[in-house]
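Given next are the chains, with one letter for each unit.
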Amino acid sequence: MLGPQIWAAMALFAGFISLGVASWLYRWVRKQDPGSERAQEVASWIRDGARTYLRRLYLALTLMALGMGFIIAMVFAFDIEHLGTGAVRLAPGRGLSMAIAFLAGALCSAVAGYMGMSIAVEANVRSATAAQESLGGAFKVAFYAGSVMGLAMVGLAIIGMSAIYLLTGDPEIILGFSFGASALALLAKAGGGIYTKTADIAADLVGKVEIGIPEDDPRNPAVVADNVGDNVGDVAGMGADVFDSYVASTVAAMLLAASIFASDPAAQVRHVLFPLMLCTLGILASLIGIRFVRVEKGGSPGRALNGGTIITTAIFAVMASALVLLGGYNLGLLWATLAGLVTGVVIGFTSDYYTSARFRPVVETARVSGSGAAINIITGFSYGLVSIVPSIIGIVAATLISFYLTNLSGISGIYGVGISAVGMLSISGMIVSSDAYGPIVDNARGIAEMAGMSQEVIDTTDILDAAGNTAKAITKGFAISAAALTVLALFSAYAEVVGARGIELVISLRDPVVVAGVLLGAVTPPLFSALTMLSVTDNAFEMIEEVRRQFRERPGILAGTEPPDYAACVALASRGALTSLVWPAFLAVALPLLVGFVLGPEALGGFLGGSIFTGVIFALLMSNAGGLWDNAKKYVEGGRFGGPGSDAHKASVVGDTVGDPFKDTAGPSLNTLITVMSLVSSLFAPIIAALHLFR
Amino acid sequence: MSRDIHLYLSLIPEALIASMLTPEEFGVYYAVGTSKKARGQAIFFEVDPGFRHDYFRIDDGFRRCVPHEDGSPKASIYISVYRVLEHVSLHALGKLYLATSDGRVLGLESSDHVPEPTNGLHLYQEIAPVNPLVVSSLGPKPFYELIVKNPNILIRLPAICFAELRLGELAEDPEHGNVGDLPYSRIEHLRQCLRALATKTVDSKMVNRTEPATFSYRTIKSGIFVGNEMELRFYPCPSPMTLRAEHYRWWRSAWSA
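As given, the protein sequences belong to chains X and R, one line each in that order. Going by the numbering used here, the final residue of the first sequence carries number 849, and the count climbs one at a time with no gaps. Going by the numbering used here, the final residue of the second sequence carries number 261, and the count climbs one at a time with no gaps.
In case anyone wonders, no lab produced these hints; they're calculated from the structure. Any given hint could be a false lead.
[What the hints assert, rightly or not] Calculated cross-link-like contacts (lysine-lysine; reagent style DSSO-like; alpha-carbon spacing at most 30 angstroms): (1) X:K804 x R:K209; (2) X:K451 x X:K185; (3) R:K225 x X:K804; (4) R:K145 x R:K99; (5) X:K804 x X:K294; (6) R:K145 x R:K225; (7) X:K788 x R:K225; (8) R:K225 x X:K362; (9) X:K451 x X:K788; (10) R:K99 x R:K78; (11) R:K225 x R:K209; (12) R:K209 x R:K145; (13) X:K804 x X:K788; (14) X:K362 x R:K153; (15) X:K362 x X:K804.
Construct all of the structure, not just a fragment, from the sequences and the given hints.
Right, dumping it as structure tokens:
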């Protein structure tokens with residue numbers, strides 16, 4: 155059998171292959187026809203806007219990462235094993251390793267996001283241009299561009315994790331890598347979410363509602379910011395989100411293995427490496443699955459994307475089975491892997507049920523919209539609440555199946571839960587490829603409209619766009635469920651890390667300190683949601699005034715005789731999104747530390763539990779209700795219940811506007827929030843265990 | 005560069021206007037407005053600039069229609085805003101222009117043939133000189149004749165411009181017909197009015213007396229009718245497919261409103 159170092163080296167190699175394929179696809183997409191001069195001009199507005207935002211975001215993130223890296227280096231330079239004993243010893247090497255790992259995590263996440271964004275803003279115009287020839291060609295350009303994000307993300311993640319493991323052999327250092335990735339993800343996701351909805355709401359409320367110009371009309375000053383927002387929110391943001399869950403779930407499982415198998419070094423190494431091996435197989439399965447995603451003549455993009463996911467899932471299941479059976483692993487680990495994998499895919503498709511116009515919830519919400527906005531909102535919100543149930547049942551099933559089957563097989567059930575999360579996220583390469591396809595074809599449609607391309611091209615991009623919306627809904631459900639399982643594993647890892655310092659974590663609801671922690675944790679996701687959504691309304695208010703000002707002071711814009719000032723809206727959205735991140739970021743990092751250092755590790759355990767419960771519920775509710783309202787509006791716009799301009803349409807527009815920050819700002823950021831808080835807690839657990847005020 | 009002076013008969017609101025703008029420019033100006041003027045949907049005819057009637061001081065209006073000091077063309081000189089339609093000869097009318105609220109303009113030519121009435125009930129949006137929404141069992145031509153030429157009815161107009169709007173399944177089955185993409189407000193009241201036509205001894209019934217003259221262009225069934233005691237003219241609206249293929253910008257604006 156191969157030695158453990160070889161497995162880590164193979165994981166590293168798989169990461170480079172993934173990155174290599176991503177680079178090849180990047181070049182392939184760039185070689186495609188960029189289209190007419192007009193189309194390229196429109197695309198350049200979006201590209202420049204995206205670059206402006208990314209430049210500002212990454213500058214802010216660099217400063218944040220350096221600052222936090224310095225703090226981590228200082229804090230972990232003290233030998234935490236002996237903290238609180240009075241004999242302070244220094245371990246500068248460990249502090250430096252942890253800080254470098256943190257910076258590497260942030261850097262890898264940033265590079266993956268940058269690659270994804272860079273190719274997305276090149277691919278949109280090329281996909282629109284290819285749509286002049288065929289649906290299949292346009293699909294291929296968009297999907298391959300999406301795959302750059304998917305493959306770069308998993309490639310960089312596994313390169314980072316395996317390289318750190320090869321260099322240090324210590325999973326706790328990889329925790330630093332994971333924290334770096336998550337910290338960046340939180341800011342990228344929340345910032346992207348605030349940006350995209352600021353632009354979207356301003357463009358819709360002034361352009362569509364007040365002035366009456368159609369979607370993607372080039373006369374709307376906010377239209378470019380809106381298209382840029384699709385990329386920063388759904389490509390860079392969602393990519394960073396899944397990247398952080400992917401790394402965190404792997405690290406959690408590695409940490410659990412290190413702790414559970416501590417008495418048997420050989421078994422410890424084998425089980426620490428098992429999650430990395432699953433990631434390696436997931437990458438290979440994704441690389442094969444991507445090859446099967448194509449639209450033949452008369453084919454459907456939605457079917458192609460779903461087919462790709464199912465094929466990748468099947469290939470991975472076969473590979474994982476082979477690994478467990480041939481590698482001599484306990485069979486319980488296979489059941490845990492498969493439970494996570496199947497649950498992830500099923501929950502993804504369940505989200506589609508609640509947000510797709512093919513099913514009852516959306517149709518019913520559209521139907522009652524004729525009675526007004528209030529009824530639309532109540533109905534959509536109620537279905538959003540119902541939509542939580544199947545996902546929670548899925549998470550419960552995956553948790554219990556993986557726990558008990560692993561336990562029955564003679565391995566700690568907690569490790570099984572961790573492996574279940576890894577199993578779910580192992581096919582992230584494919585999932586993110588499908589997700590990133592969405593904003594690319596959304597932009598392609600916008601460019602076709604703004605560049606005055608033919609009706610046939612717009613029809614083709616409409617078909618591509620519809621499939622992108624479904625992929626987006628599936629990915630959101632998948633990402634939230636994966637994050638839920640990940641934080642459950644991280645929670646266990648936190649308990650193990652604290653336990654390793656001699657404190658047996660007893661989280662009892664009869665203990666008032668724990669209850670205090672639970673309540674404080676439970677309130678954090680709603681507070682975070684409120685802060686991000688209020689940021690959207692504040693920034694949208696400013697941008698609405700800017701768009702109104704442009705229309706008022708320059709009537710030539712609407713008359714089509716002078717161009718609007720797109721850059722002003724792009725700058726406003728960028729500035730607003732970044733300045734709005736301060737408090738949410740502070741909340742994510744400072745609050746768990748505050749609870750831990752003041753109330754102690756049990757309270758922090760309760761805090762994490764409370765935040766996980768409300769975080770998952772809020773994330774599912776907001777994402778699904780928002781998607782449902784959006785599609786109810788589109789359903790009415792498709793000519794049902796009175797169509798555009800009807801009372802039902804006016805009500806559904808209100809519902810959609812309410813749902814916008816739900817589904818694209820607060821909802822998807824919550825999974826990153828709970829991951830970051832769990833990671834901060836796990837990372838600082840040894841210090842908190844040694845130094846806390848209350849007990 | 006000297007510009008011709010055009011004469012327009014606006015229907016929302018009813019007015020006779022002299023302008024140095026071409027019909028497309030005038031449509032954009034009238035719908036989109038300037039920084040200080042109101043805006044919204046506009047419907048207007050181009051009128052033969054040689055047309056004269058004692059009721060209007062057209063020549064005075066033309067004399068005042070001169071470029072601004074900066075050389076830009078004069079957009080509008082209002083010649084009359086009262087009882088205009090009834091005093092304009094239909095022979096002087098050129099194309100009819102439909103401008104969306106965001107300034108996309110579609111020109112319609114008149115047709116020699118008034119369409120044959122289809123089966124079922126009808127819905128009419130009167131545009132000028134008054135603008136109620138009316139349901140009727142009469143086809144467009146009998147409806148016009150009833151309002152303009154029938155000496156026996158109480159409410160009679162000297163001229164009228166109206167659009168026939170789609171009723172979809174409601175035309176045949178007011179009780180249970182599917183609303184589909186009909187955007188009308190208070191759809192139950194509309195059903196009631198349609199049902200009343202079947203049970204009462206009236207040909208027409210007002211659905212809403214305070215309906216604004218503006219309406220969604222995508223609801224136009226066949227086209228727009230304009231008639232006075234002398235004649236009826238019909239301006240057919242192309243099918244949605246044709247509009248989408250040949251007038252995409254206008255179609256997209258009209259269909260998303």
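Outcome of the hint check:
1. Under the criterion of a C-alpha separation no larger than 30 angstroms, the hint pairing K804 (chain X) with K209 (chain R) is consistent with the structure, at around 27 angstroms.
2. For the given pair, K451 (chain X) sits about 23 angstroms from K185 (chain X) by alpha-carbon distance, which is consistent with the 30 angstroms threshold.
3. Annotation: proposed proximity of K225 (chain R) to K804 (chain X) holds, straight-line Cα distance about 23 angstroms (limit 30 angstroms).
4. Annotation: proposed proximity of K145 (chain R) to K99 (chain R) holds, straight-line Cα distance about 20 angstroms (limit 30 angstroms).
5. Distance restraint check for K804 (chain X) and K294 (chain X): the Cα-Cα separation of roughly 36 angstroms exceeds the 30 angstroms cut-off, and the hinted pair is therefore not satisfied.
6. A threshold of 30 angstroms between alpha carbons decides the hint, and for K145 (chain R) with K225 (chain R) the separation of about 14 angstroms falls inside it, so the pair holds.
7. The hinted pair formed by K788 (chain X) and K225 (chain R) meets the criterion: a straight-line CA distance of about 24 angstroms does not exceed 30 angstroms.
8. At most 30 angstroms may separate the alpha-carbon atoms for a hinted pair to count; K225 (chain R) and K362 (chain X) meet this at roughly 25 angstroms.
9. Restraint check for K451 (chain X) and K788 (chain X): satisfied, since their Cα atoms lie roughly 27 angstroms apart, inside the 30 angstroms limit.
10. With a C-alpha separation of about 21 angstroms, the suggested pair K99 (chain R) and K78 (chain R) falls inside the 30 angstroms cut-off, and the hint holds.
11. This hinted pair checks out: K225 (chain R) and K209 (chain R) have alpha carbons roughly 19 angstroms apart, not beyond 30 angstroms.
12. For the given pair, K209 (chain R) sits about 16 angstroms from K145 (chain R) by alpha-carbon distance, which is consistent with the 30 angstroms threshold.
13. With a CA separation close to 12 angstroms, the supplied pair K804 (chain X) and K788 (chain X) stays within the 30 angstroms bound.
14. Between the alpha carbons of K362 (chain X) and K153 (chain R) the distance comes to roughly 42 angstroms, so the proposed pair goes past 30 angstroms and is violated.
15. The hinted pair formed by K362 (chain X) and K804 (chain X) meets the criterion: a straight-line CA distance of about 11 angstroms does not exceed 30 angstroms.
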